[in-house]
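Residue numbers (our numbering), protein chains in the order written: chain P, 1 to 103; chain Y, 1 to 120; chain F, 1 to 484; chain X, 1 to 135; chain W, 1 to 490; chain C, 1 to 175.
One or more of the hints may lead you astray.
[What the hints assert, rightly or not] Label pairs and their in silico Cβ distance ranges:
{"id": "1", "chain 1": "X", "residue 1": "H28", "chain 2": "Y", "residue 2": "G65", "range": "17 to 23 Å"}
{"id": "2", "chain 1": "C", "residue 1": "V101", "chain 2": "Y", "residue 2": "G65", "range": "36 to 42 Å"}
{"id": "3", "chain 1": "W", "residue 1": "G269", "chain 2": "X", "residue 2": "D57", "range": "57 to 63 Å"}
For the record, the hints were derived by calculation from the structure and aren't laboratory data. Bear in mind the structure is a predicted one, so any value in this text is a computation, not a measurement. Think of the CB as a built atom: it goes at the ideal place given N, C-alpha and C, for glycine as much as any other residue.
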Amino acid sequence: MGVAGVGALAVLAAMCLAMFRALRGPTVYDRILAVNHFGTLTVLLIAAAGFLSGRPEFLDISLVYCLISFIGTVAVLKFFEYGDLGHAGRRDRPPAVRESGAP
Amino acid sequence: MEAFLGHYNYWIVVALMMAGLCTVATSGNLVKKVIGLNLFQTSVFLFFISVGKMAGGTAPIVAEGWTRYSNPLPHVLILTAIVVGVATTALGLALIVRINRAYSTIEDEEIRRADLHRLP
Amino acid sequence: METPALIFCVALPLAGAALVVALGRWPNLREAASLGAAGWLFLEVLALLPAVEAGERPAAVLTAVIPEIPIAFEVEPLGMMFALVASFLWIVTTIYSIGYMRGHGESNQTRFYACFAIAIASAIGVAFAANLLTLFVFYEVLTLSTYPLVTHSGTDEARRAGRVYLGILLGTSIAFQLFAILWVWVLTGETGFRDGGILAGHAGPAATGALLLLFVFGIGKAAVMPFHRWLSAAMVAPTPVSALLHAVAVVKAGVFAVLKVVVYVFGPGHLATATGAGWLLAIAALTVIAGSLVAMRRDNLKARLAYSTVSQLSYIVMGALLASAWGIVGAGLHIVMHAFAKITLFFCAGAVLVAHHRTEVSELDGIGRAMPITMGAFLVASLSIVGLPLLGGMWSKWYLALGAIEAERYAVLAVLMLSSLLSVAYLLPIPVRAFAKRSPKAGSGVEEAPWPCVLAIVITAAGCLALFWYADRWLRLMEQLVRT
Amino acid sequence: MRHHHVLHVVAKMTIPLILVFALYVQFHGDFGPGGGFQAGVIFAAGLILYGLVFGADRLRRAVPAGLAGTLAAAGVLLYAGVGVAGMLLGGAFLDYGVLLPDPMAGQHLGILLIEFGVGVTVAAVMVSLFYCFTA
Amino acid sequence: MITAHLPALQVVVPLVAAPVCVLLRRSRGAWMVAMAVSLFAVAGAWSLLAGVLSRGPTSYLLGSWAAPWGIEYRVDETNAWVILVVSVISAAALLFARRSVEREVETDRIHLFYTAWLLCLAGLLGMAVTADAFNVFVFLEISSLSSYVLVSLGARRQALAAAFRYLVLGTVGATFFLIGVGLLYQVTGTLNMADLAARLSELGPHRTVTTAFGFLAVGIAVKSAVYPLHTWLPNAYAFAPSAVSVFLAGTATKVSLYLLLRFLFTVFGLEFVAGGPVPLLLALTGIAGLVAASVAAVRQEDAKRLLGFSSVAQIGYLVLGVSLLTTAGVAAALIHLFNHALMKAALFVCLGAIAYRVGSVRIADLAGIGRRMPWTASALVVGGLSLIGVPLTAGFVGKWYLVAAALESGWWPAAAAMLLASLIAVAYVWKLVESAYFRAPSPAAASVREAPVSMVAAAWGLAGANLWFGIDASLPIDVANRAAAALLGG
Amino acid sequence: MEYLINTVLLALLAVTAGAIAYLRNLFAAVMLVGIYGLLTAAIFVILDAVDVAFTEAAVGAGISPILMLAALALTGREQTAPTSPSGAGIAIVLATGGALVWGTLDMPYFGDPLAPVHVHVAPRYLEGTLSEIGIPNAVTSVLASYRGYDTLGEVFVIFTAGIGAIVLLGNRRGD
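With the hints as constraints, model all of the structure from the sequences given.
Right, dumping it as structure tokens:
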């Protein structure tokens, strides 16, 4: 087990923790953060896996993950800020959805 | 034991499929139903990709120094299936938005009740 | 013998129907067309008679819906006889209808004449059918074309009656008759009518018995109890329709089909081997008696006549089920005899309705003075039904009785006798009341129905008389059936 | 989100990069992971990011809804057109080998064209979907 | 040259025409494109069928790649027949659709309506003609997605709920199908149907294959609305735009049933199927569907919903025919498949025409239509008689062969159930006829005129076909017998 | 090592799936769908399906959750009625799962190089991608050429979805 392997295991461990946070909540921001965190961890995991399998040239997949993660976060935040993803940015509507905590 | 290890992957995938199917079957909320469909389909994708995996193989992009590649065919099939999945999701959600406009609810029960009250 | 004229015989009334619809706006022309088609058809059918009497079998193929089973026609003696009766009575009924429908001011007359013509076309189709499929096809067309006639008035009551009519006739035919036809086809690989039957050697006693049951009940038009309800329900229809149902086409098509199936599919010889035929015979006998008993208790004239029909039809079914030569001859003759007698009775009932608006037997006191011709004809027809000599009805009962003796079914003989007595009891009081009793509100002088009605009544009543004297030709025709 | 200056600046910087990356994914599909579909999604993601940050209306001004519909149709037509071209040139439907005298070069050309068609359609449909859901 | 490419063109032409309709943006133009494509499809299907009948099955290699590696199109008697049915119904439905859609769909969406129509047509044709198990899935989804869209365009809000329900069940069904294909692929390594058949026959008893069969069968059963997986159908048909009801009722479930035949007999093979409980299960679902759906149909107050339930019942006939696993049974099912498409399309066209004039298809609102709209109502009667199976209509021929096949195999209960269902059909068809002819017109119907000529033409075109094939059924009988022999024999 | 990662990821997936099925909060469910997509994509990488991973990341973790969020924004609701586990539904699901597990018993083992999928059909793709098509990525050559027709269908599927959404919702403001 090389460095990549250790790294991968560490990432996995971190993923489990992030997962716990995503499930527990309790606030919206916990979840958003957890998801964001999860995205980052996945990027790392893929990088590690690339080295593990001996084909690191697939790193550009992780680029996509970063990108999607970023756009996703923007979308989620906008959802909470305005309740409409196409909104131009003026605060004239109340948020459509309120978090009610974990069940 | 060998059988367990050899099939472990598939069994988890089956469990995931059933979680998805269960969500579709038991949830009264339409968005939740679409989410369930999504889970179900994604799990099926996992099954296909597991089928295509070859032990000790690598991604089917031919390169120097590799002789064992995983099967590219399931990958192609699943690429198509993923697209089908997102198409279904998009259409389902579009329908939900319209249903919400027409009924002001996205709960199965309430929709049914609304139609019962107003005879066709 | 290939004879395209057969197809023409079926097509002629259809063309008549089309013409009637086309001429709907001019009542005189419309009814002339109807009458013309009827007359022409009768001549066409009559033209076939010599060949059939000579033992030939004119045939024609229309089309093959299902390979191996074409829609095809073949004239054999039984069909010849039925076609003659139906086409002749069409003329008479048309004459009568002209008087009745106008006299009674009915609406939808065009639909009436058109559907009537289609019904006749299908009756001819049934008569000439060369195989079970063809028979079934025209049997169903007959049901469907008479449905609008039954619901003619369009009232709720008529619609309900129509539902019963259609439900029983279509229901039994699909559930039992079609099933039986398919079964025969699967068993024998054919459905054609052949002398001596086609089932012998293909079906054991149990299967034969089951098939017999399916056919007898599947041909709902034969009105064997418990599938007789449609006939009384259909009494809501105008009188010419009742005549059509009871005498010309519908019930006759039913018993004719039973007879034809027995003669040409089972074969009298093979029929005798069927298990359970005795039970069917008993059901038919029960229908004869029960029909008569119910008829006695009905005050409504048409209802009484309807139950009389139920009873009389089972004579024919009994004759067929006896599986004896004379029984079949008697059954065949009874189709003719009963047709003439019963149509006269219905015409009379209709005439009374048109002229005096009376429908109940109890209202008929003294009506004979107002309508001497009508009630005279009623008396003649009643006696023919009872089976007195000098009237046609006597011959068929005679041969049916001979058949019962031949088959050694003495119980059937007893049933025949008993039912004759019962028919005396439910029919004769009517003319007796009409002539003997004096009505409290009897009008003065003679007031008959419109003249076409009277003409039709006279023709059919004369027919009842003539059939007694000229029965031998029919007899010889029927004897062909059993000359094997 | 007019007042989110950081977001605006970051978006303005990243969106062109995303679009270029999409083109890379589009044309690098022969050698590594990627291809028309992925490229289309990423391209659309770039546009959607623009819509998220600056509002759907501004995106509509840049990429009119009608244009998106037209492009979606054009993309599938390009794909099917390549197939029909194969048919007209004597091969079967979607036979790229006959597109050029050298079969291998024909395959290359065919794959390039159809992947482009896929990319265009997918991007256009994704943007259309975004419009639909942000009405 | 065109003839050689016909198998592909049959699918490609509608596919290509769909985006063209989007680009056209004109409702009339889109209709004309759709109609032209459907007519082309009819001509193509006819030519394919003629070719198959005279020269035997043909195969077409897409992209010129040989069969197990590339995707193959294979046309034999069975699918040439199904393709013909689908194309004809599409053309007839389009003839009806022009005026009806103008009324029921917003003007600026009509061209997209026809786009979805063409996609649905292409999907159905693609499912029928392909010989590749996964390709079936792709085209299944094209047709399904477009039919969800088409159904959702119904004027009432229930259409949306019905479309959503259809979408959920349809997607579950399609995913089941996909699982089945995956399992088959896993144990054989191939997706080509002929190759699959060859490899499956070498495998012998195999639990994975059995499971695959189960999933494929359930997936297809959902799509073809086999009882009790039919729950999406009645509402989808009832609330869809009239033209869509015509189109889907005549085609969608038919193609799925074709798939059932294809997988039963071509892929898994008679031996595999006959060995297990499959025939019994099929027969039981068939009988249950026949009786239960017929009874449900009688209780409907909405004519389109009534016909929807009747469709479920009719599918029961087809399943029952197939369950016999004999040439006679399969041939009968194929004949009835064609006839049922004709009669249901005719009936839905008539109801659509009535909806166009009266604005409702509740049975009570049909009152008096017989006098107000004589042509439409008479076509309705012809279609209804055919549905009952009255002689001299197409419906009779199909039922004749179905019952005969059941009797031949000694399946008495099946024959009895079929006849019983016919009886119940009398009841529900007569509800329509009685209301149309023997009731005084409702206020809504009192002032209506006969439907537009194009609708009457479509109605009588289909009703006439019902009569024609009831009088001379030699074509369907011949084709169906040959198709069944080919399916079961080799 | 790969198997270990795979196993852990699958376990995480199972937890996520369970949570999605259980949660009543729709927003949380959508977030978890995103995580589910990411995890699946990661597993795809481990299982050598890099192209699929690419797509799944973009679709499963990107497009789908964004669309769901957008739909939630327009419907603006959370699940009001509690999930009612109907006995029949669960029985059907269990039966289906049981059938599938039973079906796995005769399957080739996971990763078995001699499984039919690796010896039939697929080898030609891996050879042909260089010799017949001339590009190293076998997935692309199968996708675009060997089975290009499927991909054509796929594009039409997404096209259909686009048309459907436009028909249903209209793609102009105020439509």
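Now the hints, each set against the structure:
no.	hint	in the structure
1	X:H28 <-> Y:G65: 17 to 23 Å	holds, 21 Å
2	C:V101 <-> Y:G65: 36 to 42 Å	holds, 39 Å
3	W:G269 <-> X:D57: 57 to 63 Å	holds, 60 Å
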